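Kindly produce the complete structure, drawing on both the sequences and the hints.
Protein chains in written order, with our numbering: chain A, 808 to 1280; chain B, 808 to 1280; chain C, 808 to 1280.
In short, the hints are calculated from the structure, not lab data.
This structure is a prediction, so every number in the text was calculated from the model and none was measured.
We treat Cβ as the ideally placed atom computed from N, Cα and C, and that holds for glycine.
Errors might be hidden in some of the hints.
Among chain B residues calculated to face chain C with C-beta under 8 Å, some are [claimed, not checked]:
#1 Thr1147
#2 Ser1173
#3 Arg1219
Pairwise CB distance ranges (calculated) [claimed, not checked]:
#4 C:Pro1134 - A:Pro1134: 44 to 52 Å
#5 A:Gly1111 - B:Thr1126: 24 to 32 Å
#6 B:Ala1073 - C:Gly1085: 27 to 35 Å
#7 C:Val1051 - A:Ala861: 52 to 60 Å
#8 C:Gly1085 - B:Pro1072: 26 to 34 Å
#9 C:Thr1088 - B:His1130: 41 to 49 Å
#10 A:Gly971 - C:Glu1155: 43 to 51 Å
#11 B:Thr1126 - A:Thr1086: 35 to 43 Å
#12 C:Ala813 - B:Leu1129: 54 to 62 Å
In case you want the letters, here they are:
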Amino acid sequence: MSPPSAPLRPHPDRLLPTDPAVRALARRLYASVRALPILSPHGHVDPRLLVDDAAFPDPATLLVTPDHYITRLLHASGVTLAELGVGQGPLTERQARAAWRRLCEHWQVFRGTPVRYWLESELAEIFGVTERPDSANADRLYDRIAERLAEGAFRPRALFDRFGIEVLATTDDPCDDLAAHRALAADPAFRGRVVPTFRPDRYLEPAEAGWAAAVARLGEAADEDTTTYPGYLRALESRRRYFVAHGATSADHSHPDVRTDPLDPATAARIHATALAGTATAAECTAFRRHMLLEMARMSCEDGLVMTLHPGIRRNHHTPTLHRFGPDTGHDIPVRVEFTDALRPLLERYGTAPGFQLILFTVDESVLSREIAPLAGFYPSVFAGAPWWFLDAPDAIRRARRAVTETAGFTRTSGFVDDTRAFCSVPARHDMSRRLDCGLLAELVAEHRLDEDEAFATARDLVDAIPRKAFKL
Amino acid sequence: MSPPSAPLRPHPDRLLPTDPAVRALARRLYASVRALPILSPHGHVDPRLLVDDAAFPDPATLLVTPDHYITRLLHASGVTLAELGVGQGPLTERQARAAWRRLCEHWQVFRGTPVRYWLESELAEIFGVTERPDSANADRLYDRIAERLAEGAFRPRALFDRFGIEVLATTDDPCDDLAAHRALAADPAFRGRVVPTFRPDRYLEPAEAGWAAAVARLGEAADEDTTTYPGYLRALESRRRYFVAHGATSADHSHPDVRTDPLDPATAARIHATALAGTATAAECTAFRRHMLLEMARMSCEDGLVMTLHPGIRRNHHTPTLHRFGPDTGHDIPVRVEFTDALRPLLERYGTAPGFQLILFTVDESVLSREIAPLAGFYPSVFAGAPWWFLDAPDAIRRARRAVTETAGFTRTSGFVDDTRAFCSVPARHDMSRRLDCGLLAELVAEHRLDEDEAFATARDLVDAIPRKAFKL
Amino acid sequence: MSPPSAPLRPHPDRLLPTDPAVRALARRLYASVRALPILSPHGHVDPRLLVDDAAFPDPATLLVTPDHYITRLLHASGVTLAELGVGQGPLTERQARAAWRRLCEHWQVFRGTPVRYWLESELAEIFGVTERPDSANADRLYDRIAERLAEGAFRPRALFDRFGIEVLATTDDPCDDLAAHRALAADPAFRGRVVPTFRPDRYLEPAEAGWAAAVARLGEAADEDTTTYPGYLRALESRRRYFVAHGATSADHSHPDVRTDPLDPATAARIHATALAGTATAAECTAFRRHMLLEMARMSCEDGLVMTLHPGIRRNHHTPTLHRFGPDTGHDIPVRVEFTDALRPLLERYGTAPGFQLILFTVDESVLSREIAPLAGFYPSVFAGAPWWFLDAPDAIRRARRAVTETAGFTRTSGFVDDTRAFCSVPARHDMSRRLDCGLLAELVAEHRLDEDEAFATARDLVDAIPRKAFKL
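Here's what the structure looks like:
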């Protein structure tokens, strides 16, 4: 007989400062914002989830297989992606159970990571799990969660309400007809606000395979002739307007760098044509993308979509894994990034344009105090984005706040962004952020750098007024 | 009726560690250095202020308009630089009052920033303000400060004494006749020591507009023929000697990078000539500047001026603002910087030269542990400069000490440098530094990494022996 | 009469967290791992020390002269390397005493550095010194230590046992016959495990002076014709197998960068030939080295040696010092480094190869959260190395754990590596690491991010299972 499993019980004071006096204030601050509605202005939840409102299929498909935060560390620990059900379409019960078992058996590799923190919160607070996962209780936990998933209270819409989500932004292809968003908006039984986000990366990178086909699709979606450069621009403008009409408030961009060097229209048109013909050089393709990022800023000035940048990721680092299991499988690896010079052409033109807003995210911490905070501390258009991806974790979030606040204060930041495709982790992530911000504010009060009334006001602003302003919610 | 304003009362323990036992020691350490004289070996206060000793015109002109730390975050918050009186010459009472009101109305955007910390100290400790600025009390505070400014006790010399400043270094153009410094030195009624700093940037950058005119002016000032390269060198040497004769102890340099690649004299002479003729290429201009930085080191070996480097800033990032409001208006943005390879030619030649001293400042934190501390930990000439600009703030200062000390200890650092043009912020800044250093030392004692007697000795050295040595005061 | 010297008494709680509740747990965690055997899988102790087991000559030769951590900060403080006995062969008693005196006189420059911490531990715990070194007690301390060194209990083997070292890895030239390792393995009176490490840098860098001679030596050692590229490869493979047969578990590489771009065999062979002929260009030499680093990975897949990378150091920064005093004299200075793109060719090929292990060390902290942790968090072959060199100090170690753990957890790290040539500092360094890890774990428990049983298990794994796995001990 195996030993009894350890208990799982997330502590009410978790992540708060350890000094008793500071913790007491942090606790009061946290209590004042804990239950405020969740604004999730950037993420990757599929909106059809809420349209269909079907029961989630099984614990692994819900919590393990699609979450690259989980699968990558299991992969590093010797579990194959195949065992985790990655890239295999719908899982059989046997496959799902096996994938779930891998997670439970390797629970200890997540010690000290935010995945552990999020999962613990989800298991305990959403599913009522009271034992720490291990190899002995894996099947029992699977059964318990599977049972719950069959209940009506665990359907997507019920969870959406229970999570207290006020706004949820999805990330969408410019050609998407946004039928899911329309269905939700038209459904009187659904009271949440689910808005699309315009994500045109693939249409701006002529060097990527499939660009010409994408541009053709774009032409169809917008009813424009995208074989010409002006038509291509009009099509992008048209699709952006379509997104705005369906509630979008932002456009997201994730390229290797954020250079924004202008081309004259004739050169842009020439590259557009050669790229469609498949004869553009790599340098021309890069120049075109950099020019188009600037064009996106121009369009943002016109249609009001907040521009958000998520640069500096080398996607699909391990080609054999890409070929076997597809993209978003845990090996997008950060590289150094530069903002000051790269964004200068854009900011020279639009940095003080009325209504223009630009949110800068980074996975390269070294730019926070050096570039992002100084830019957000001068340009009325620039906001420092919340820590992203490898940095969306307690210690990194603390470092980021410390790195940004002294130059840009609190009001020039974006508020928390969960950026997740794991729907059930949304509340745990926002809750983590609230705890950390309240802890930091309590420390500022304890060091007599801020008065208590200001800490309470700031704690609330950080989950309410600040993200509303940054993302125009 | 508006609600009563919040009180403003800087806490005696502000910035000290929150752990009660550690704070108790930090408090004792701080008490031992709190009242020591201020050595300000690098800054931007105008020496004529002390020569004229006239009353400061008004609160905005004193505290708001010229301080780019304040105007930039207000600008980012939607206040125009015009509203703040930037770039408009002397302000009318109406303009000054309006600018002041903008600051008070936006007080909350400074939460968590050092500007808030400095201003709070200044308002409370210098002007006796007891209310936190807000839109309701803005005019009342303006009147109160304006009243004080009219009093003799608030004239520059009285404040200089009250602040306990022993040495104040200014930053000066090589062609400056240093009349203000001479006047102060000759005035028996003024007992402070105000020394100039040689800042030759514009004379070393042939790519900058106005270089030829500057070189001509330099020739006049030095009575040398600067149309020849040897004459140009002699003129620089001569002006440096002039500065030394007027009390200067350091020469400051702020270029985009710190490369110091030598040119042979014939090449240097050729570029000097073509640059004067306006036909030098951008690459030649850069090569010339890098060569001249090495020449500056040679001259420092000869005349003893400490060489200080402040690289890595992209000046006037937003050209429209530069054109409308002038330089130093809040949009100088840092870029990545490199020291190890860039300084190698200089250090190969002069790194162990007797008497040569080189202080390295950075706005790129990533070089602190990687490059600056290792260089300062080997070369007897190299000192790690205090955190500068966007980093002259409590958390950044703590990070910098932690990043530098483990490799270079305390004795290879520069001591605190306020680098400010805001005269009234000088004591608040030095006080902040003393509190932070005492906090760190108390933490080292609490972790049993340092004995208490050593902490007391180090606290004193950091405000006395260490800056005296680094800057040859 | 000089004042009495201060006492020297390392505190039992040193480096543990200062919050009393957190410290209490940290103390219990530390007590559970304090006495576990030392695994030292990478370092620079000379194995002949243990073969000869002769008394150490004198305190300076043991503790000062060969330790570039000590000599560099003394050098920066104005002591010449000559005074410290560097590069002068065996020291006379007079020279040794003078060098020792310099250390004691400058004890205060080490405040806040790990050197101070290590030396304090060594002096107190190994030699029973009870006074803090100063100029008054320098000779007395010298005599006391010298006396001890003459005792049998202070011979290398006795210390090896007393230190509780289970495994000690040395760093060795590929042509070394490993006679010392064989002698130790064959000696029934010596029960420790001393294993060699394959360090082929000089054989892979055709641009370095002496490469051709080294390649010829390699041919002799391996009995292969290294004038041909295939023979050169075979010779390297053969010497690696020889090292494996003598207990080696890893191969170490330290080049300016870690690019691993493949050449086709014909190109590699051509550069090999031209480099031997002395006609290869600098670019060809670099290309060859980058190709060979990839070849080293291939060989690791075949012979199982763990590959460890220590890049990003500009060696012998100050050429005059190199010429006068030799290498490893304190002026190897870090530069920026890049892993994500540089290692991609290697990881595309071997990143998921069974048994392949790659440990990444850095002196550029900015890559920890950005590149190393993400790579170690996906690739089963990649481990994040312990903080190295300028970063092997309490605050830097804490920063590194915080930067790596949230992405890669604890299990994807290397465990502590002392990397020292200072034999007597081995226990102090490992003890420091254990204290810091226990402190961090206690903090995670205090913030309710980890349960207490997990903290105890992790504390033990970090000094036992984790390094055993990473280095295949």
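Hints and how they fare:
no., hint, in the structure
1, Thr1147, "holds (5 Å)"
2, Ser1173, "holds (4 Å)"
3, Arg1219, "holds (6 Å)"
4, C:Pro1134 - A:Pro1134: 44 to 52 Å, "holds (47 Å)"
5, A:Gly1111 - B:Thr1126: 24 to 32 Å, "holds (25 Å)"
6, B:Ala1073 - C:Gly1085: 27 to 35 Å, "holds (31 Å)"
7, C:Val1051 - A:Ala861: 52 to 60 Å, "holds (57 Å)"
8, C:Gly1085 - B:Pro1072: 26 to 34 Å, "holds (33 Å)"
9, C:Thr1088 - B:His1130: 41 to 49 Å, "holds (48 Å)"
10, A:Gly971 - C:Glu1155: 43 to 51 Å, "holds (44 Å)"
11, B:Thr1126 - A:Thr1086: 35 to 43 Å, "holds (36 Å)"
12, C:Ala813 - B:Leu1129: 54 to 62 Å, "holds (57 Å)"
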